[in-house]
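Student: Sequence:
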Amino acid sequence: MKPSHKSWEVAPLLTNMAEAPVSYCTPLSTSFPSTASYHTGWSILPEEVIRNIERALQNGKLLEVIPVTRAVMERVSRTPVSIAVTGESGNGMSSFVNALRDIGHEEETSAPTGVVRTTQTRACYSSSLFPNVVLWDLPGMGATTQSFENYLDEMQFSQYDLFIIIASEQFSMNHVKLAKTLKGMGKRFYVVWTKLDRDLSTSVLSHTQTQKNIRENVQENLQWEGLRDPPIFLISNLDPLLHDFPKLRDTLQKDLSNIRYHAPLEALSQICENIVNDKVTDLKERIAKERFQDFLDIRDVDDLREVLEAYRLCFGIDDQSLHQVAHCMGKMAIEYRAITKSQDLRSLCSRDWKLKVMTCLVMTVILRLLSCASCLCRPITRCIRRMRQRRILKLVAEDTKTVLKKILEDSTIPA
0 MKPSHKSWEV
10 APLLTNMAEA
20 PVSYCTPLST
30 SFPSTASYHT
40 GWSILPEEVI
50 RNIERALQNG
60 KLLEVIPVTR
70 AVMERVSRTP
80 VSIAVTGESG
90 NGMSSFVNAL
100 RDIGHEEETS
110 APTGVVRTTQ
120 TRACYSSSLF
130 PNVVLWDLPG
140 MGATTQSFEN
150 YLDEMQFSQY
160 DLFIIIASEQ
170 FSMNHVKLAK
180 TLKGMGKRFY
190 VVWTKLDRDL
200 STSVLSHTQT
210 QKNIRENVQE
220 NLQWEGLRDP
230 PIFLISNLDP
240 LLHDFPKLRD
250 TLQKDLSNIR
260 YHAPLEALSQ
270 ICENIVNDKV
280 TDLKERIAKE
290 RFQDFLDIRD
300 VDDLREVLEA
310 YRLCFGIDDQ
320 SLHQVAHCMG
330 KMAIEYRAIT
340 KSQDLRSLCS
350 RDWKLKVMTC
360 LVMTVILRLL
370 SCASCLCRPI
380 TRCIRRMRQR
390 RILKLVAEDT
400 KTVLKKILED
410 STIPA
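In numbering that gives the first Met the number 0, the protein residues as written are 0 to 414.
Keep in mind that the hints were calculated from the coordinates and are not lab data.
The structure displayed is predicted, hence computed values, not measured ones.
Just so it is clear, CB atoms sit at the ideal spot from N, CA and C, and this is done for glycine as well.
Among the hints, erroneous ones may be present.
What the hints assert, rightly or not - Here are the simulated distance ranges between beta carbons: (1) Pro130 <-> Ile338: 51 to 59 Å; (2) Glu334 <-> Leu237: 42 to 50 Å; (3) Lys353 <-> Arg285: 41 to 49 Å; (4) Lys353 <-> Met184: 20 to 28 Å; (5) Glu148 <-> Ala332: 32 to 40 Å; (6) Leu237 <-> Arg214: 37 to 45 Å.
As the list claims (entries may be wrong) - With a cut-off of at most 25 Å between alpha-carbon atoms, the simulated DSS-like pairs for lysine-lysine come out as follows: (7) Lys404 <-> Lys393; (8) Lys253 <-> Lys340; (9) Lys288 <-> Lys278; (10) Lys278 <-> Lys60; (11) Lys278 <-> Lys393; (12) Lys393 <-> Lys60; (13) Lys353 <-> Lys340; (14) Lys194 <-> Lys211; (15) Lys253 <-> Lys179.
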C-alpha cells in the first residue's frame, strides 16, 4: 500500500486542523519555511527550477542540475509530516506516543497517561528524534459517544499522512474498521501491539509462540476483510529498545522519507524526461535534414564510434562528465557508468539488436557499395545513415534519463 501524497498540503494543515478540538502540549517550531507551493502541486515546479534544469540539459551540463535538485530536496526535507496515533481507548496510545518520543511519563512535555481515559481531545507533539514530524495523539474510539463515521470526521482523518493503529489485549472489529477505512482512503498505516510485556508475563506459552499467536491473530482479522500485509509491530511501551520497537523506528524513518520525497522526485523526474524528449525531437528534425554538423562535432558521420561519443558529449554523459557528476554527488564514478549502456559501440550493439543489425558487417559492406554506386543509390545510403543516427540518439537519451534519475535519488537527504 502506497502512502498518500495529499501529504504535500501539510503546510496549511495546521491551520485547517484548528477547526477541531486540539490540545497543544509541546509547542511546535514556527521556523518552518513556507512550502505551500511545493505541497499544493508537485506536478507544477517553481518556474525558476524548471528554467535552470532546462538550461543545463539543453547544454548537456548534468553537473549544473545537481545544485538545483539539491536545493529542492533540502527544502523538501523540512516538510512537516503528520502522523496520527489512533485505536480504542485504554490500549496505551498516549504511552506509545511518549515511548516513541523516548521520554518518560513524568516529563512536562509528555502525553498524559493513566488507568482512566486521559485523552479527550486531539493533542499534537514534536520530537527531536523525528524532526519536522507532527505526532497527533487522538482520543480513542469509545472515549466519546459519537459514531465511527463522526469519529473519522471529527478527528479529520483526511489530513494525516500516516496512521499508527494501537491495539492490546485483542484486535477488535473497530481496529479492522479503522484499517479498512484507511486502505479505502489510500493511507499508509501500521498496526502496533503495545503491551507485549504483559502478554509474555501472563502466557503459559513460550515467548516465541505467544508473539506468533498475536501476530497471526492480527493478520487473520485483517485478511478476513481483504487487508493483506500491513506492517505489524509487537512492542512494549515500557521498553523502546526491545522487541519490534527498533524495527518500528527504522520503518517509520524510511516511510517519512518516502512521504516527503516521492512526489517531488516524480515531478522532477517528469520535468527532466520532458526536457530530454524535447531535445531528442529537435535533434531528430536535424537528422532528417542531415544537419549533423549543427550539433555534432564529428569528421565522419559514418564513423559510429565517433558519432556515439559525440552524442554522449551532447547529452553530458561522456566519461569525463559522469566522473564529475559522481564526484559532486560523493559517489564512485563506476556507479554512474554501470547504469549506462552506451559506454562504447560494442557494448551498445550487444544490448540493442536493432543497432546490431544496422552495424553488422553485411550492412557495413552494403553501405559502402551503395556509396560507390550511382546517384540512384544515394537516397538509400542516406536513409540508412539517418536510421543509425536516430537509433544511437534514442539509446543515449535513455541513458541520460537513467543518469538523471540516479542524480535525483542521490540528492535526497537520508533520514
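Student: Quick one: which hint numbers does this structure break? Sort them smallest to largest.
Tutor: Violated: hints 1, 3, 4, 5, 6 and 8.
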